[in-house]
Amino acid sequence: MKYVALVYSNPGAFEALSQTERDELMSEADAYLKEFTESGELLGGGAALADPSTGKTVRVRDGVPAITDGPFAEAKEQLAGYYLLDTESLERATEIVTRDPAARFWAVEVRPIMDMAGPEM
Amino acid sequence: MTTQAARGAEDLLRQLAPQVLGVLVRRYGNFDLAEEAVQEALLAAVLQWPDQGVPDNPRGWLITVASRRLADEMRSEQARRRREERAAAQVPSDEFVAPPPGDERRPSREDDTLTLLFLSSHPSLSPASQLALTLRAVGGLTTAEIARAFLVPESTIAQRISRAKQSIKASGIPFSLPPEPERAARLQVVLHVLYLIFNEGYTASTGPDLQRSELTAEAIRLTREVRRLLPDDGEVTGLLALMLLTDARRAARTRADGSLVPLAEQDRKLWNRGYIEEGLALITDALGRAPLGPYQLQAAIAAVHDEAARAEDTDWPQILALYALLERISPNPMVTLNHAVALAMVRGPHAGLELLRRLDGNGRISGHHRLDAVRAHLLEMAGDRAAARESYRSAARRTTSLPERRYLEARAARLATPANCRSTARRST
Chain F
258 MKYVALVYSN
268 PGAFEALSQT
278 ERDELMSEAD
288 AYLKEFTESG
298 ELLGGGAALA
308 DPSTGKTVRV
318 RDGVPAITDG
328 PFAEAKEQLA
338 GYYLLDTESL
348 ERATEIVTRD
358 PAARFWAVEV
368 RPIMDMAGPE
378 M
Chain L
21 MTTQAARGAE
31 DLLRQLAPQV
41 LGVLVRRYGN
51 FDLAEEAVQE
61 ALLAAVLQWP
71 DQGVPDNPRG
81 WLITVASRRL
91 ADEMRSEQAR
101 RRREERAAAQ
111 VPSDEFVAPP
121 PGDERRPSRE
131 DDTLTLLFLS
141 SHPSLSPASQ
151 LALTLRAVGG
161 LTTAEIARAF
171 LVPESTIAQR
181 ISRAKQSIKA
191 SGIPFSLPPE
201 PERAARLQVV
211 LHVLYLIFNE
221 GYTASTGPDL
231 QRSELTAEAI
241 RLTREVRRLL
251 PDDGEVTGLL
261 ALMLLTDARR
271 AARTRADGSL
281 VPLAEQDRKL
291 WNRGYIEEGL
301 ALITDALGRA
311 PLGPYQLQAA
321 IAAVHDEAAR
331 AEDTDWPQIL
341 ALYALLERIS
351 PNPMVTLNHA
361 VALAMVRGPH
371 AGLELLRRLD
381 GNGRISGHHR
391 LDAVRAHLLE
401 MAGDRAAARE
411 SYRSAARRTT
421 SLPERRYLEA
431 RAARLATPAN
441 CRSTARRST
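Taken in sequence, the protein lines are chains F and L. Each residue of the first sequence is one higher than the one before, starting from 258 at the first, in my numbering. Each residue of the second sequence is one higher than the one before, starting from 21 at the first, in my numbering.
Hints listed in this document are in silico derivations from the structure and should not be mistaken for laboratory results. Beta carbons are placed, not taken as given, at the ideal position from N, Cα and C, and that holds for glycine. Any given hint could turn out to be false.
Calculated cross-link-like contacts (lysine-lysine; reagent style DSS-like; alpha-carbon spacing at most 30 Å) [said to hold, decoys possible]:
| hint | chain 1 | residue 1 | chain 2 | residue 2 |
| --- | --- | --- | --- | --- |
| 1 | F | 259 | F | 291 |
| 2 | F | 259 | F | 333 |
| 3 | F | 291 | L | 189 |
| 4 | L | 189 | F | 259 |
| 5 | F | 313 | F | 333 |
| 6 | F | 313 | F | 259 |
Stretches of chain L that chain F covers, calculated by requiring three or more beta carbons in the stretch to come under 8 Å of a beta carbon on chain F [stated by the list, open to error]:
| hint | segment |
| --- | --- |
| 7 | 179 to 186 |
| 8 | 254 to 267 |
| 9 | 318 to 324 |
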């Protein structure tokens, strides 16, 4: 099953960490990515996202586009990055994500990705 | 080379791949490097044969090319080892030596294919690695082809294969058939891997996933090969029959837009008669002489469905009896779900719903969308539209299949209008 891991954090949260914490986070994150890429469970194609303030939100109503600055949701925690997993089960995916240092500092949501395949009905 | 000739050459390569790998592993004892070398030889064949023609002895050609590559690899590997001051003496020297011609212990080509299947589905490997290694080492597919079929990056499949080979190397699993006492259990794992490969391809819908359906063909091809090697095993024959009798419905089970067509609504003229006849002959033969097993029973159930000219001609009492047997020899919640549907078709929806209640406390399935979907269907049969709609919606929220979600949402929407505006609901499972 394929899952997306969505990393949520407060904008500026990384900055708020001490230098030691930042270094630790970065090296742990590298080791984490390496370990589960090698196990064949973490897929390529993930990305870190720029600060929400650098983005735009687009809505088209009655054919009229309205483009506003910043994120769509007013939430305190914003999407900061994502990556894809392909594992035996949701349990295994959450077990892997438990090792993500981002989960220790912030929160990582694991969501199944819809499959185009369909069972025999 | 014509397309047909190219197809023939490809089939030939696929069949020779495990035989060539078997020879190399026996001769040089290094599964990891031998597997790489065979892949390179297959690639060389794909590039050269169309221009130069298929050699007179294609198997010999592949063995020669692969051996040459392997020898190069092993030389550089040994040089590397010497540099690291780790002597190649770690490897028992007789593993590098080919057994003399006519050696009694020398296994046949057939044994090699079977040995590779057992090795690729070794229980110490993760299921994902078992699938990838089986397709590559036994099926002769490239890493890129496997990656496309599983919709993951090529590097991920490469990792899974390389990890599988490391595990095999580290655990010192010998290149030989498993000893007799464990062979039956190990064969079950081989069959399960083939079944998973089949399912991965079968559940794929049309359109962008078309390449995945090649997995179905590959699973059938490999299972045919296993049956050729173990013709007396009822479960091997049962699995092949199950695949054919299921795949026979492929063209009818999805519409052009990828939406799902339930069995009861399929256009049966689209079913593959050749597969149905072959599957029926296989399952009849197996049931007549082999001990009963779950694949044979599932094949028998598929056969009863496939034999009905119209959905309403389906022999549900026979299906019910087969599910009762299946539940006895191989109980699991998915079997109970299907058993409940059969029971509802024979004794009415309330009998089916009663059976479903047994699953409510079962942690393996209580939150599973299929339980909700079957319950919704039986509630609809019973005429309880409001409860049916609620169950369809609950199932739609829980499924991770997009076509299935659309199907379940449509069923729920249909129940939103009063009953007298609609014809009687048709069964769907």
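Hints, one by one, checked against the model:
1. Simply put, residue 259 of chain F and residue 291 of chain F have alpha-carbon atoms about 18 Å apart, close enough for the 30 Å limit, and the pair holds.
2. At roughly 28 Å between alpha-carbon atoms, residue 259 of chain F and residue 333 of chain F fall within 30 Å of each other, so this suggested pair holds.
3. Between the alpha carbons of residue 291 of chain F and residue 189 of chain L the distance comes to roughly 22 Å, so the proposed pair stays at or under 30 Å and holds.
4. For the hint linking residue 189 of chain L to residue 259 of chain F, the alpha-carbon distance of about 29 Å falls within 30 Å, and the restraint holds.
5. Of the supplied pair hints, the one linking residue 313 of chain F and residue 333 of chain F holds, its CA atoms being roughly 17 Å apart against a limit of 30 Å.
6. The straight-line distance between the Cα atoms of residue 313 of chain F and residue 259 of chain F is roughly 28 Å, inside the 30 Å bound, and the hint therefore holds.
7. Under a criterion of three residues with beta carbons nearer than 8 Å to beta carbons of chain F, the stated coverage of the segment 179 to 186 of chain L is upheld, 3 such residues being counted.
8. With a threshold of 8 Å between beta carbons, the proposed coverage of the segment 254 to 267 of chain L by chain F is violated, since 1 of its residues qualify and at least three are required.
9. By the rule of at least three residues with a Cβ nearer than 8 Å to a Cβ of chain F, the coverage given for the segment 318 to 324 of chain L is violated, with 0 such residues.
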